[in-house]
Amino acid sequence: MFGISPIGWVHTLGSLPAIPLAAYMFARYGRIVPRSKAGIAYFVFMMIGAITVFLVAHEPVSYVIGVVTIILLVAGYGIGRVPTRGRWGRYLETIFLSLTAFLLMLPTVTEILTRVPDGNPLVTDPQAPLLLGSQASLLVFLIVGLTAQIIHLRRLG
Numbered sequence: 013m014f015g016i017s018p019i020g021w022v023h024t025l026g027s028l029p030a031i032p033l034a035a036y037m038f039a040r041y042g043r044i045v046p047r048s049k050a051g052i053a054y055f056v057f058m059m060i061g062a063i064t065v066f067l068v069a070h071e072p073v074s075y076v077i078g079v080v081t082i083i084l085l086v087a088g089y090g091i092g093r094v095p096t097r098g099r100w101g102r103y104l105e106t107i108f109l110s111l112t113a114f115l116l117m118l119p120t121v122t123e124i125l126t127r128v129p130d131g132n133p134l135v136t137d138p139q140a141p142l143l144l145g146s147q148a149s150l151l152v153f154l155i156v157g158l159t160a161q162i163i164h165l166r167r168l169g
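When we follow the working numbering, the leftmost residue of the sequence shown carries the number 13, and every step to the right adds one.
These aren't lab readings, by the way, just hints derived from the structure by calculation. Note that this is a predicted model, so its numbers are computed, not measured. Fair warning: there could be bad hints in the mix.
[Claimed, not checked] Estimated spans, in silico, between C-beta atoms of each pair:
| # | residue 1 | residue 2 | range |
| --- | --- | --- | --- |
| 1 | Ile163 | Arg47 | 17 to 25 Å |
| 2 | Phe66 | Gly145 | 36 to 44 Å |
| 3 | Ser17 | Val76 | 18 to 26 Å |
| 4 | Leu67 | Ile31 | 14 to 22 Å |
Cβ coordinates follow ideal geometry from the N, Cα and C atoms, glycine included.
Work out the full structure: start from the sequences and follow the hints.
See the structure below:
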């Protein structure tokens, strides 16, 4: 179904729960909160997706997204453990983890548009306006979201 291999299903179903977890944390806290139950689950599901991408990727950019996602996850979750991080730590944590959500959604949207409906996908060309518009919308959402998060953090002091 959808031309996905068994390991592809492990990758897809393993990383899929990270989407509602991120949405929940953004709605509830305005950011991904690493030291919460949802934040811990997000980390696990994101790592499943980021690691298994190396087993299913067909495009070189997928490997880059996987590596960058792992680096941002480790940095985002690790910065809270640095004792002298100051307020910049919270800013960096927020930026790093928001970027992981973007890097999750970018290939997710691309895969959905190029695979659904099964056998007759909405997009067959990587330069299709629908695909490029969707990717650009995600970038705009990232920029607006990060700006709002930074303003919110500044107001908190």
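Status of each hint after checking the structure:
1. Ile163 with Arg47: 17 to 25 Å: 22 Å, holds
2. Phe66 with Gly145: 36 to 44 Å: Between Phe66 and Gly145, where Cβ atoms are some 29 Å apart, the hint is violated.
3. Ser17 with Val76: 18 to 26 Å: Since the Cβ atoms of Ser17 and Val76 sit about 21 Å apart, the hinted range of 18 to 26 Å holds.
4. Leu67 with Ile31: 14 to 22 Å: 20 Å, holds
Comparing the model with each earlier hint shows a violation of hint 2 alone; every other hint is respected.
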